[in-house]
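Undergrad: Kindly produce the complete structure, drawing on both the sequences and the hints.
Residue numbers (numbering that gives the first Met the number 0), protein chains in the order written: chain A, 0 to 312; chain B, 0 to 312.
Hints should not be assumed to be uniformly reliable.
With a straight-line Cα cutoff of 20 angstroms, these simulated EDC-like cross-link-like pairs (lysine to aspartate or glutamate) come out [said to hold, decoys possible]: (1) Lys310/B <-> Glu121/A; (2) Lys297/B <-> Asp166/B; (3) Lys297/B <-> Asp169/A; (4) Lys23/A <-> Glu121/A; (5) Lys310/B <-> Asp91/A; (6) Lys297/A <-> Asp226/B; (7) Lys310/B <-> Glu113/A; (8) Lys297/A <-> Asp272/B; (9) Lys297/B <-> Asp214/A; (10) Lys189/A <-> Asp214/A; (11) Lys310/A <-> Asp166/B; (12) Lys90/B <-> Glu148/B; (13) Lys90/A <-> Glu39/A; (14) Lys310/A <-> Glu124/B; (15) Lys297/B <-> Asp91/A; (16) Lys164/A <-> Glu278/B; (17) Lys310/A <-> Asp89/B; (18) Lys303/A <-> Glu124/A; (19) Lys179/B <-> Asp42/B; (20) Lys297/A <-> Asp226/A; (21) Lys179/B <-> Asp166/B; (22) Lys310/B <-> Glu124/A; (23) Lys109/A <-> Glu113/B; (24) Lys310/B <-> Asp64/A; (25) Lys90/A <-> Glu11/A; (26) Lys23/A <-> Asp64/A; (27) Lys310/A <-> Asp91/B; (28) Lys303/B <-> Asp226/B; (29) Lys310/A <-> Glu121/B; (30) Lys23/A <-> Glu11/A; (31) Lys23/B <-> Asp85/B; (32) Lys109/B <-> Glu113/A; (33) Lys303/A <-> Glu278/B; (34) Lys310/A <-> Glu11/B; (35) Lys164/B <-> Asp91/A; (36) Lys303/B <-> Glu278/A; (37) Lys297/A <-> Asp298/B.
No lab work stands behind these hints: they were computed from the structure.
There are 2 protein chains.
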Amino acid sequence: MMFFEGSEKKVEVIICARAGSLRKLGRDFWSGIVTRADAEILDILSNDHCDAYLLSESSLFVWHDRFLMLTCGTTTLADAFLHFLDHVNDKDILYASFQRKNEYLSHLQKTSFEQDLARIGERLEGSAFRLGKLDSHHHYIFHLNRPYEVQPGDVTNELLMYHIKGDSADYLRSPDQTIKGVRRLLQLEKNLPSFALSDWLFEPFGYSLNALRGDRYATLHITPQEDSSYVSFETNLDLHNSCLINVLLTALNPGSWDLINFNAPETTCSPGDYQCMTESNLNMTCGFVMSFRHFQHKDHRIVKPEMILRKAS
Amino acid sequence: MMFFEGSEKKVEVIICARAGSLRKLGRDFWSGIVTRADAEILDILSNDHCDAYLLSESSLFVWHDRFLMLTCGTTTLADAFLHFLDHVNDKDILYASFQRKNEYLSHLQKTSFEQDLARIGERLEGSAFRLGKLDSHHHYIFHLNRPYEVQPGDVTNELLMYHIKGDSADYLRSPDQTIKGVRRLLQLEKNLPSFALSDWLFEPFGYSLNALRGDRYATLHITPQEDSSYVSFETNLDLHNSCLINVLLTALNPGSWDLINFNAPETTCSPGDYQCMTESNLNMTCGFVMSFRHFQHKDHRIVKPEMILRKAS
Numbered sequence: 000m001m002f003f004e005g006s007e008k009k010v011e012v013i014i015c016a017r018a019g020s021l022r023k024l025g026r027d028f029w030s031g032i033v034t035r036a037d038a039e040i041l042d043i044l045s046n047d048h049c050d051a052y053l054l055s056e057s058s059l060f061v062w063h064d065r066f067l068m069l070t071c072g073t074t075t076l077a078d079a080f081l082h083f084l085d086h087v088n089d090k091d092i093l094y095a096s097f098q099r100k101n102e103y104l105s106h107l108q109k110t111s112f113e114q115d116l117a118r119i120g121e122r123l124e125g126s127a128f129r130l131g132k133l134d135s136h137h138h139y140i141f142h143l144n145r146p147y148e149v150q151p152g153d154v155t156n157e158l159l160m161y162h163i164k165g166d167s168a169d170y171l172r173s174p175d176q177t178i179k180g181v182r183r184l185l186q187l188e189k190n191l192p193s194f195a196l197s198d199w200l201f202e203p204f205g206y207s208l209n210a211l212r213g214d215r216y217a218t219l220h221i222t223p224q225e226d227s228s229y230v231s232f233e234t235n236l237d238l239h240n241s242c243l244i245n246v247l248l249t250a251l252n253p254g255s256w257d258l259i260n261f262n263a264p265e266t267t268c269s270p271g272d273y274q275c276m277t278e279s280n281l282n283m284t285c286g287f288v289m290s291f292r293h294f295q296h297k298d299h300r301i302v303k304p305e306m307i308l309r310k311a312s
Numbered sequence: 000m001m002f003f004e005g006s007e008k009k010v011e012v013i014i015c016a017r018a019g020s021l022r023k024l025g026r027d028f029w030s031g032i033v034t035r036a037d038a039e040i041l042d043i044l045s046n047d048h049c050d051a052y053l054l055s056e057s058s059l060f061v062w063h064d065r066f067l068m069l070t071c072g073t074t075t076l077a078d079a080f081l082h083f084l085d086h087v088n089d090k091d092i093l094y095a096s097f098q099r100k101n102e103y104l105s106h107l108q109k110t111s112f113e114q115d116l117a118r119i120g121e122r123l124e125g126s127a128f129r130l131g132k133l134d135s136h137h138h139y140i141f142h143l144n145r146p147y148e149v150q151p152g153d154v155t156n157e158l159l160m161y162h163i164k165g166d167s168a169d170y171l172r173s174p175d176q177t178i179k180g181v182r183r184l185l186q187l188e189k190n191l192p193s194f195a196l197s198d199w200l201f202e203p204f205g206y207s208l209n210a211l212r213g214d215r216y217a218t219l220h221i222t223p224q225e226d227s228s229y230v231s232f233e234t235n236l237d238l239h240n241s242c243l244i245n246v247l248l249t250a251l252n253p254g255s256w257d258l259i260n261f262n263a264p265e266t267t268c269s270p271g272d273y274q275c276m277t278e279s280n281l282n283m284t285c286g287f288v289m290s291f292r293h294f295q296h297k298d299h300r301i302v303k304p305e306m307i308l309r310k311a312s
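TA: The following block contains the structure:
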């Protein structure tokens, strides 16, 4: 079985002004953080607000006052987070969170969320929750127990798509795909207007994108493997009046998907042929309101048995 | 978190007449098999057809020509299966299967299905499949690649219930429960008429039942823990005109449940407020037709976040 765990772990930290700029810690510092997660830097895109590092396993975004890092596969993001904590004064941290999505094959991960939590909990006073169902899609989050005043426009939308199907999925699994082809397939330039893009095609397949426009970011990661396909899209754009989510759902036709929002108003797009199967909402004491929703396509009921072994007599 | 993995692994073997009676291998032999799985025998119920062993983790049924063993928790059923294979002539095996249900917390298991499969596959020529979705409820099965003529009446129904709710669930979590109380709650004597029963109440809670009538068996195991509750019921009774499944669903009110059948006709009972979310069917080359179905309750959409850690500043 050709398996790769696309599902990401994520860390996000906001620091106060007196702590100085996180960007000024420099490339060597951030490269060291990335190494701790067992990943490496492939490309860098910068503007006045942010450095966007494209990683061998997902992405790192560094602003002056915050950073956000996503890593997939069997990376050890908790190690990177703890290494970062060694280099900052705890009192300078305004907000910190550590998330883990449910994995396809969690037993192949180097640590569980509970193990990560035990180590992080020794360093930071925080709370942790699971949103969603233990026996279905769910999402873990740890956050610092410290009141934080969320600034207007500080929203996050995470769209996680599973079991993509159809022509687009076939293209994303084909050896003929190109960066230009993927951008066109997902209408990325049209739907991320005026964004600078940094993207990468992996061998034999797999695609990653970082995008920047001012202080706004978007990131997309495609793990197209048949039977365990996963595509994540995340942005701090306000999607209230945007159909970006619908564009991606229509193109990729996932059997199921999750939407995780932080302080984000409901998108006005309707999920079409999808049914909401799980919903969990959390008013975090640190100031953000988090919501988790899991959807299943109405036609994603009958699935063929997957052969794992055949040894003939 | 008070967690116990109720979800079972299962092995079933049928041998030919010339191999002699499996029951005659005796209690010491079967006790050795049970020990290999890291379980122990709590009670034995016997009739002319079968010895039903109630285990510290689920059940073992031994007939003259077959045995069936279910074990939950972090037991090592593959070890027990391999130990059994050491004691039989491979040619005497008419049918063999090894199943694993998806676990709530698979990373806490001592082995994965793939690891079990690698060892079993070295000893038996067979095929393995996953029915259901990798990111939702699913079921793994390995079976011997050998044509087998299934006898009439050789059916299996497995009902697996998750997230039980309501008064019955509360009772099964209470310190006041009694064996008599559980039997009454689930109408076991009424719904398993003329069956001899062997049951056990665990500390602080948890209930197991083996039941025998002639060559028919039923077995029920309750792991009532809030947030990770699981109840399994399995029988070779023909449930075609029975409402036993509905009785259990009504009493336990699970948020979701799976039904796994081998050569069993559809039950005529309707699943009421449940919606079928996944269906997989497999015509096994060894002669059985297996079906897997996963249902979710219509009211099991909104779930409260589960707090995992709270460290106050």
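Undergrad: Tell me the hint numbers this structure goes against, listed in increasing order.
TA: 3, 4, 6, 9, 11, 13, 15, 18, 24, 35
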